[in-house]
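Starting from the structure of chain X, add chains V, C and B where the hints point.
Quick mapping for you: the protein sequence lines, in order, are chains X, V, C and B.
In this text, residue positions in the first sequence follow this note's numbering: the first is 1, and each later residue adds one.
In this text, residue positions in the second sequence follow this note's numbering: the first is 1, and each later residue adds one.
In this text, residue positions in the third sequence follow this note's numbering: the first is 1, and each later residue adds one.
In this text, residue positions in the fourth sequence follow this note's numbering: the first is 1, and each later residue adds one.
Mixed in with the good hints there might be a few duds.
Identical chains share a label here; the pair holds if one copy fits it or two copies do between them.
Under the rule of at most 27 Å between Cα atoms (straight-line distance), these lysine-lysine pairs were calculated in the BS3-like manner [to be verified]:
#1 K361 / K166
#2 K332 / K215
#3 K204 / K332
#4 K111 / K163
#5 K119 / K215
#6 K215 / K12
#7 K179 / K332
#8 K204 / K179
#9 K58 / K220
#10 K190 / K204
#11 K258 / K362
#12 K295 / K332
#13 K332 / K344
#14 K344 / K295
#15 K204 / K220
#16 K220 / K166
No wet-lab data here; the hints were simulated from the structure.
None of the values given here were measured: they were computed from a predicted structure.
4 protein chains.
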Amino acid sequence: MLSQQELITLFKETRAQSELICSFLETEDYVVQPVVDVSPPKWHLGHTTWFFEEFVLKEYAKDYQLFDRHSAYVFNSYYESVGEKVIRTDRGNLSRPTVAWVYEYRNFVTKAMARFLEKEKVSEKLCGIIEIGCHHEKQHQELLLTDIKYILGHNPLFPVYNKQFKENPIQDIERDWVKIEEGVYEIGHKSDDFCYDNELGVHKVYINNFEISNKLVTNKEYIEFIEAGGYEDVLLWHAEGWDWKNTNRISSPCYWHKINGEWHQYTLGGMTPLIPDAPLSHISFYEAFAYAQWKGMRLPTEAEWEIAQNNFNWGSRWEWTESAYTPYPGFKTAEGALGEYNGKFMVSQKVLRGGSVATSKKHTRPTYRNFFHPQLRWQFTGLRLAR
Amino acid sequence: MLSQQELITLFKETRAQSELICSFLETEDYVVQPVVDVSPPKWHLGHTTWFFEEFVLKEYAKDYQLFDRHSAYVFNSYYESVGEKVIRTDRGNLSRPTVAWVYEYRNFVTKAMARFLEKEKVSEKLCGIIEIGCHHEKQHQELLLTDIKYILGHNPLFPVYNKQFKENPIQDIERDWVKIEEGVYEIGHKSDDFCYDNELGVHKVYINNFEISNKLVTNKEYIEFIEAGGYEDVLLWHAEGWDWKNTNRISSPCYWHKINGEWHQYTLGGMTPLIPDAPLSHISFYEAFAYAQWKGMRLPTEAEWEIAQNNFNWGSRWEWTESAYTPYPGFKTAEGALGEYNGKFMVSQKVLRGGSVATSKKHTRPTYRNFFHPQLRWQFTGLRLAR
Amino acid sequence: MLSQQELITLFKETRAQSELICSFLETEDYVVQPVVDVSPPKWHLGHTTWFFEEFVLKEYAKDYQLFDRHSAYVFNSYYESVGEKVIRTDRGNLSRPTVAWVYEYRNFVTKAMARFLEKEKVSEKLCGIIEIGCHHEKQHQELLLTDIKYILGHNPLFPVYNKQFKENPIQDIERDWVKIEEGVYEIGHKSDDFCYDNELGVHKVYINNFEISNKLVTNKEYIEFIEAGGYEDVLLWHAEGWDWKNTNRISSPCYWHKINGEWHQYTLGGMTPLIPDAPLSHISFYEAFAYAQWKGMRLPTEAEWEIAQNNFNWGSRWEWTESAYTPYPGFKTAEGALGEYNGKFMVSQKVLRGGSVATSKKHTRPTYRNFFHPQLRWQFTGLRLAR
Amino acid sequence: MLSQQELITLFKETRAQSELICSFLETEDYVVQPVVDVSPPKWHLGHTTWFFEEFVLKEYAKDYQLFDRHSAYVFNSYYESVGEKVIRTDRGNLSRPTVAWVYEYRNFVTKAMARFLEKEKVSEKLCGIIEIGCHHEKQHQELLLTDIKYILGHNPLFPVYNKQFKENPIQDIERDWVKIEEGVYEIGHKSDDFCYDNELGVHKVYINNFEISNKLVTNKEYIEFIEAGGYEDVLLWHAEGWDWKNTNRISSPCYWHKINGEWHQYTLGGMTPLIPDAPLSHISFYEAFAYAQWKGMRLPTEAEWEIAQNNFNWGSRWEWTESAYTPYPGFKTAEGALGEYNGKFMVSQKVLRGGSVATSKKHTRPTYRNFFHPQLRWQFTGLRLAR
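Isolated chain X, as found in the complex:
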């Protein structure tokens, strides 16, 4: 359990970071929702604030007055059990509350929380809730970056978000294969540090001999797949991946553009020529799978990845695994509304491991289980081969 002072530091630094991320935006950028998965930045700022107001201040802070009885409910996301909410597809249709209002709301709640944390001794349970609230906001910080990238990167003017943002670290190593011996291993979160409920339940798994690459697949390698006709060879694809690709006329990763015969990539630093040695990014699970098929290899499972991960560097791309997102043995949903956090998504999604250039600092770890539907590409998703 964090000390109260550590909690205060975590809280303040988290709140500040969200605002730093948004400091590069124009007011208009906060408002739009070009596709359902991409929420307006002002919604993220409001929603992470609503979380603290709803689950902490309303419950625990004596005499706390809601900032605004009428508006705040628009920032509920999926907590069906906490009353009325704006349907997700409508988030981009709401010009009000304004961005200025959202910042006032943030300041109001941040100050009330700070006052509360300085005055009241928080119980272990409440500390846990606040810590979740901070990590929840860190998750939304990553979403802020990926959603901003989608908003600006699908605008025909391709505006720059922040020239300094570095998306494409080069992996300056030779490709090599980490060999893991067959046997019983233990996975799951062990320490007392923060983790989500879906990582809990340390348990044994039996693993066969396998090898895993020390290096993510690069842009250059993926171009070979494209040029070899990988997008046109039905035998490399899942049936639903093939349909997805055809329906959406996909023939390259998201954000790739061929301009005057040269591959370019939209990045948060603007449109730029594709860097051949950078790790591939913004691919769907289907594309990751088809690439691995083409190489005669496969994707690792999440258990393999976790067991092998201290043998290679990771953290620039979320790495698709072959594993579906299902509960660990002994998984228990938390009581009440916070029980809606993870468990209710445990069907039809794939696990991703690692972390990305957009992941908030200290917000990932070897046991972290990220999950997305197999067709989604707006996260910084990449791929590491196994065999």
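This is chains V, C and B only, laid out in the frame that chain X set:
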């Protein structure tokens, strides 16, 4: 033909009026597009500006430099023949160009136009184009108001646009019936004043005896229809109207809300109790038709309306007619891109006559042919009975 | 009013004709519904039978016992006011009742009707209902042919329906123009012969000078339009026609196939090389309009067509007119369920005049108002130019 | 490897069984496809025949002449790599080839195969292909039964398929819990008998202590869940299950009908009162999961099920497991078109274990991995609790 001075006045006053309408908005209100028919206000401001740049300055103003080679094309609407354009459903996904940029663009073009009009003698043809540009912008002023009403009126916070805006003038007269004698009449636009191409072609029509009400149907009268089960009686409805009503779960006009058992109406002045004697507004053609069926009467045709119109007051509501929007005898599409203005919409739409509280001053007349699809309700649409 | 003997003859000949049409089918052909507008032939046979059972025998024949209390209701079409019905899109999902059952049902009702007509003196009102029932069945005979054509013509095996069926009569005349003088004319159905309610209300119209072709547009002429790029020139099309064409990837009339570089046409007699001089068929209103635009001409209105029609031959193609399907002055919906026959479709459709090679004999006349949505092509639709 | 005589027996008995299943149908029942997952029976009969013609006779039988060069290709299902095919959603739109044609085609191919098997010594490889062809047809026999149930059970007349068909065996035992000890176990197909490629790769798994019920959940137990408001308690459901349920207005298993206050169930033997002690059937994975949540338990994984299965009776219902359908360690896709059999479906589906009253005899085994999307209910799907 207008004198050059009249043209300058018309132009300046038109440009100023659009900005006055928007002066009540927050930046965020300029950006969203909750449904496809409702464009973001910044799009209207940009599009009406693009019209003058594209069709006047680029063609006629020597040495004119485009304000911005890259951005302006996002404001093309439907002129397929004038190159690339952003698809309509995407207008609300574009956070850039910003509102500030749009105002700079407006100022740049307004000033360039003003300089041009003060320096150059415009030909009759060019005068016609500029006049169309002004009337085009007046049309968009009406759309600005109805689109703003939709944006704010579908926000769960129901923000006020402008407390002073009066939507609901009372018709302070007894209902009476204007009788028109059977015979040959002439309709269509006769004078030299401005009109659209779809009003031209004065032509004779043969009209049977008919009567038309001097008064629009009121809210109170429509409530009687609702309470008599009008929305549940299939025999009153067109087949496609019945489907539309069921699919969209419609049981009252747009913007009506029953709050604590009392009918309220969202207006540009905010949420307010429904005014019983105000003219009914925001109904579809299907609802207008079903009401008339229920009364054992009918809607007038556009020819009947035009012949009878100087016998009653009109202008607070667009009045649905039974007439489909088809070309007048001898209708000719204009040459070039401006030929896309009216003719290409002459199928599957209904004619509305009159004008509304949102119509720009001097922008309607007895021969004006407005048109919308039968299901649309976001305009100030009402109904006048005939028999 | 028909004599009782005439009524009996009409009834028997009508019933026999439907069965003759279906005698060329395999059992399986009676069942399928490839698109919503195309009903399974067994549905047509059952529905026309249900009409007589529901509106005649149940009401007027003492002691009549329903053929089957449970099954017959599946043959209600759109009579919302006559109780439960199977939704239209589900017609092709029903394997039961079987085709054999439907024929038994037909025989049962046909015999009951024949007995009734031989025994009872029918009133004028009932005579009218039975006559409508016969004409209703004749309408469905045309639909049977066009629906069968769709079912077989969209089967990849392109089976022959009936080698003897002649779709493509040559118009063996020179193109000429019929000139009609400006003035007041009368249109609408005058004689005592059968007609639908939508033709009633003889009324005066004022017509301007116009010319209308004595000859339908031919396949050869339409190929010129295709080869001149008519399908790619946006300025020729209505906005919604352009979208329709693009969404559905239309670039030639329905049933046209280019096989080894030669145009072929699927006909009820099988796949055959296109006959250049045959009248064009199976086009949408949008295509008819675009062709006329390309020729610098237009489509006639329905009034023009009716006034001019005795100056040319017609009857091989339904001819799209510019007129929308709206009520004639004084139109009154019939009382009760039969009131759903015509009036409820009077929105968003276009009038077609004439008749086609699939129209039942004696089932059309100069005042007949056929109507379809502008995008539909499965009827034998063609076009005659006016100017 | 089967002896040639065993192969002949397997082949003949398989072919006969498909025809026996269809012997209860009317011709019309063979044709319809009410939803995309349900194929017309004639398609199943043709497709299983095409399999032998395409993969055996065309390749291996000297001088074999195709039954019909033009028609057979309509029976390709999803073998993208074997040329043109009719899209799946269109299967129910094809009245031709007729049912009689399909039976001729079956007889032709069955006889050619029999002749071939009696004359030629088949290689091990070919024996494997033919065996797959037989098991493939057995899979389609199960689909025939479930598709027929859907076709007749969604017909408003609820026709009986076969009065003798028994769907609802009572489990005449007390509920008890099988306890399995933690440790390393081996799963996967071991013997030389036939199995699919997805069962291969015997491998070790580590299993925690768990208990599994000896008895499937019964109708009576599920009614308790319904009556306790299980369908209305959001906290019991996956997010996408909740949406599925609401969108499709689901509040009971498929084929359940409340008639005069009593639960009934459509069965292949007709509509019948629900049997309280029969095993629950026709539920989605979402419903299985929600029920288990409500009981405070869970579904077993497929490994748990396989390890425990010889401690209880199974085979009347396909049992949803928590496991996603992913490849076993070392899974290899077969070469060529048959490689499309299993691997391409290994995403977004759930594994079901066991077998059902509709499963062909000898066509299931403890290692059999069935798989369906979580929302599907037309199979005989049930649920067994674990904890």
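Structure-based check of each hint:
1. K361 / K166: within (14 Å within a copy, 54 Å between copies)
2. K332 / K215: between (35 Å within a copy, 24 Å between copies)
3. K204 / K332: both (18 Å within a copy, 26 Å between copies)
4. K111 / K163: neither (32 Å within a copy, 34 Å between copies)
5. K119 / K215: Cα proximity of K119 and K215: none, with 49 Å in one copy and 56 Å across.
6. K215 / K12: neither (36 Å within a copy, 54 Å between copies)
7. K179 / K332: between (34 Å within a copy, 20 Å between copies)
8. K204 / K179: both (19 Å within a copy, 19 Å between copies)
9. K58 / K220: neither (53 Å within a copy, 42 Å between copies)
10. K190 / K204: Close inside one copy (13 Å) and across copies (24 Å); limit 27 Å.
11. K258 / K362: Intra 36 Å, inter 50 Å, cutoff 27 Å: neither.
12. K295 / K332: Result: close only across copies, 13 Å inter versus 39 Å intra.
13. K332 / K344: Within. Shortest intra-copy distance 11 Å satisfies the 27 Å Cα cut-off; inter-copy 33 Å does not.
14. K344 / K295: between (35 Å within a copy, 16 Å between copies)
15. K204 / K220: Close neither inside one copy (38 Å) nor across copies (37 Å); limit 27 Å.
16. K220 / K166: within (19 Å within a copy, 60 Å between copies)
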